[in-house]
Amino acid sequence: MRDDPTAAKPKMSRRKALTTAAGIGVTVVAAGVTGVAAASDSKPGNVDGPVVVHLRDLSSGLLDVFVGARRVQVRDKGLAAQLARAARA
Amino acid sequence: MSSHREAPEISKDPVADSTDLYAFVTPDHPDTVTMIANYLPFQLPAGGPNFFEFGDDVLYEIHVDNNGDGRPDVSFQFRFETQVRNENTFLYNTGPVTSLDSQNLNRRQFYSVTRVDSRGRAETLARKVPVPPCNIGPLSTPNYHDLAYKAICALPGNRKVFAGQRSDRFFVDLGAIFDLGNLRPFQQLHEQFGLNIFKAPAKAVNSLNGINVHSIALQVPISDLTGGRYKYNDKRATIGVWTSASRQQVQVRSGDYGRETNAGPHVQVSRLGNPLFNEVIVPMAKKDLFNSLPPYEDKRFAGFVENPELANLLPVLYPGVFNNLDAANKAKTKRADLVAILLTGIPAGIIDGFQNTTGSTQADMLRLNTAIPPAKSPNIFGLLGGDVAGFPNGRRVTDDVVSIALRAVAGATLALVDKGFKPDDAAAAVTDGLTPGDVKAPFLNSFPFLGVPYDGFNNPSA
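Chains as they are written, first to last, in my numbering: chain E, 36 to 124; chain Y, 667 to 1128.
For the record, the hints were derived by calculation from the structure and aren't laboratory data. Treat the hints with care, since some could be wrong.
Pulled from the structure, derived: some chain E residues nowhere near chain Y, Cβ distances all over 10 Å [stated by the list, open to error]:
1) D83
2) G84
3) V87
4) H89
5) D92
6) L93
7) S94
8) S95
9) D99
10) G103
11) R105
12) R106
13) L114
14) Q117
Pairwise CB distance ranges (calculated) [unchecked claim]:
15) G786(Y) to A122(E): 54 to 64 Å
16) D111(E) to K998(Y): 40 to 50 Å
17) S1026(Y) to A124(E): 50 to 60 Å
18) A124(E) to V1005(Y): 18 to 28 Å
19) A122(E) to R671(Y): 54 to 64 Å
20) R120(E) to A951(Y): 49 to 59 Å
21) K1000(Y) to R120(E): 24 to 34 Å
22) A122(E) to E753(Y): 49 to 59 Å
23) Q117(E) to Q917(Y): 19 to 29 Å
24) A124(E) to A951(Y): 32 to 42 Å
25) D111(E) to S1026(Y): 16 to 26 Å
26) A124(E) to K816(Y): 49 to 59 Å
Note that the structure is a prediction, hence the values are computed from the model and not measured. Backbone N, C-alpha and C fix where the C-beta goes; we use that ideal spot for every residue, glycine too.
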């Protein structure tokens, strides 16, 4: 499976991730999924749709950010801590 | 079945469940290949008021490998979109539907077709192609054949496409096979576990008679897939075909359908190359994994092909019938014949005038030697019947893949690679007892080949 290479390749700021995550909620999904398309995982672009954030590991600040047809891995302990606080609210 | 509900997880997701894949050199256009991928199994024709449709949140693909590495060199992607004309009625249609843009058709589906090459370059071949409605009955969908025919869409590059409901062309006696392999024509020979219920043969029953599926059919020039035209003994003439369905990794439900959020890369949830591979060869605990992987990963399943569970079951279920197979099993004979048929293709020198090898990469793909012309008188047993234009050289809609697979597993093809092996007489005769004539809906002689779907009014129960 390959994603559409012509699809928008969003770019996301830390503020946008936090805003969207707070709006949608912190989504927890299974990690280590096989068969995930990797081709479009790392190409930056504009954010023009919903963003879903998966806080995978609070201690290391590891986050998966899902936007459009992409998954972006982020390591940000501060952002992870903020998301965890939001999730506990 | 071929691949209907073949794995635990996909059986709960019918919209993304691939059921059959066909690929053959087109009889009426032999410079082209026709590929048909079926999805959404076991559709009862009367299953309204919300009739069957493709998933708007599923990415459907047909892939072609033309260099034997088990990776796609050409992929065709199909994305669907549903529109509702009148949200204030529960009706699928509000009157007879005689055209694809009929105002009486309340729920319409459209799709786009995109071709992606091996470098990931995408070309959109068509947008907003209409899907015909399901076949409801004589008042709602009069003259369904003509209505659906209008949904065949010409694409650039001398290609054509159709997506919509069709009658299921697969024929199989599921009730017998899944009752501990009790093939009705041979049921008196079954071990029967001491119950001694069956004393005489019985006629087989096609469990899929009266059942519909949703098909994506595509006809493209051979050179569109191979990059040229080659002789049959040139490896470049052979392609490997498979279909897949994928969903985005994340879905956030809102409780209001159509307003959910889908995000992230697509994850493959269904895959189909050779009929019955995941169904019969792959053990239950690995079937979902199989569906998530690309063909180039199939080396990990090769052990199940070399020593198939079904080959070990046949001598147990039919004592005294498969003695030579039993001896081969006990000698731990690795089934190189099945590895060739299912994972690498048949090399030159095994069958006169034929080969469809793709090299050493083990990958479950439907291999088609595009230089083999269509047969003038097709044999439903394909290669086993001496017809090199049939399965496992691609697959035609009339090929009896259940019997071919049964016979191959029973040892009919083992002698091709093991000259010391003598197949049991039963290996050339074993069958579930059905032929294409046991399918009520006739197939079509031209694209899209699969027959008009059964309508709900005249087929109110299966």
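Hints, verified against the model:
Residue placement check: D83(E) keeps its beta carbon more than 10 Å from all beta carbons of chain Y (closest about 12 Å). A beta-carbon of chain Y is positioned within 10 Å of the beta-carbon of G84(E); the least distance is around 7 Å. With a closest Cβ-Cβ approach of about 5 Å to chain Y, V87(E) is found to fall inside the 10 Å limit, against its non-interface label. For H89(E), the shortest C-beta to C-beta distance to chain Y comes to about 7 Å, within the 10 Å cut-off, and the non-interface label is violated.
In this structure D92(E) is separated from chain Y by more than 10 Å, as the shortest Cβ-Cβ distance comes to about 17 Å. Taking the minimum C-beta to C-beta distance to chain Y, about 19 Å, the non-interface status of L93(E) holds against the 10 Å cut. Non-interface call for S94(E) relative to chain Y: holds, since the shortest CB-CB distance, roughly 23 Å, exceeds 10 Å. No beta-carbon of chain Y is positioned within 10 Å of the beta-carbon of S95(E); the least distance is around 21 Å.
For D99(E), the condition that its CB be more than 10 Å from all CB atoms of chain Y is violated, with the nearest at approximately 8 Å. Against chain Y, the non-interface label of G103(E) is violated: not every CB pair exceeds 10 Å, the least being about 7 Å. Non-interface call for R105(E) relative to chain Y: violated, since the shortest CB-CB distance, roughly 7 Å, does not exceed 10 Å. Taking the minimum C-beta to C-beta distance to chain Y, about 5 Å, the non-interface status of R106(E) is violated against the 10 Å cut.
Against chain Y, the non-interface label of L114(E) holds: every CB pair exceeds 10 Å, the least being about 18 Å. Separation of Q117(E) from chain Y is adequate, the least Cβ-Cβ distance of about 20 Å exceeding the 10 Å criterion. The hint said 54 to 64 Å for the Cβ distance between G786(Y) and A122(E), and at roughly 37 Å that hint is violated. Between D111(E) and K998(Y) the Cβ separation comes to about 55 Å, which falls outside the hinted range of 40 to 50 Å.
Against the hinted window of 50 to 60 Å, the Cβ-Cβ separation of S1026(Y) and A124(E) comes to about 57 Å, which satisfies the hint. Hint check: A124(E) to V1005(Y), Cβ distance near 58 Å, so the stated range 18 to 28 Å is violated. Between A122(E) and R671(Y) the beta carbon distance is about 38 Å. The supplied range of 54 to 64 Å is therefore violated. The hint said 49 to 59 Å for the Cβ distance between R120(E) and A951(Y), and at roughly 40 Å that hint is violated.
A hinted range of 24 to 34 Å for the beta carbons of K1000(Y) and R120(E) is inconsistent with their spacing of about 59 Å. Between A122(E) and E753(Y) the Cβ separation comes to about 36 Å, which falls outside the hinted range of 49 to 59 Å. As the Cβ distance of Q117(E) to Q917(Y) is approximately 25 Å, the hint placing it in 19 to 29 Å holds. Checked against the hint of 32 to 42 Å, the C-beta distance between A124(E) and A951(Y) comes to roughly 41 Å, which is consistent with it.
Checked against the given bound of 16 to 26 Å, the beta carbons of D111(E) and S1026(Y), roughly 45 Å apart, lie outside it. The given range of 49 to 59 Å is respected by A124(E) and K816(Y), whose C-beta atoms sit roughly 56 Å from each other.
Of the numbered hints given earlier, the model fails hints 2, 3, 4, 9, 10, 11, 12, 15, 16, 18, 19, 20, 21, 22 and 25; all others are met.
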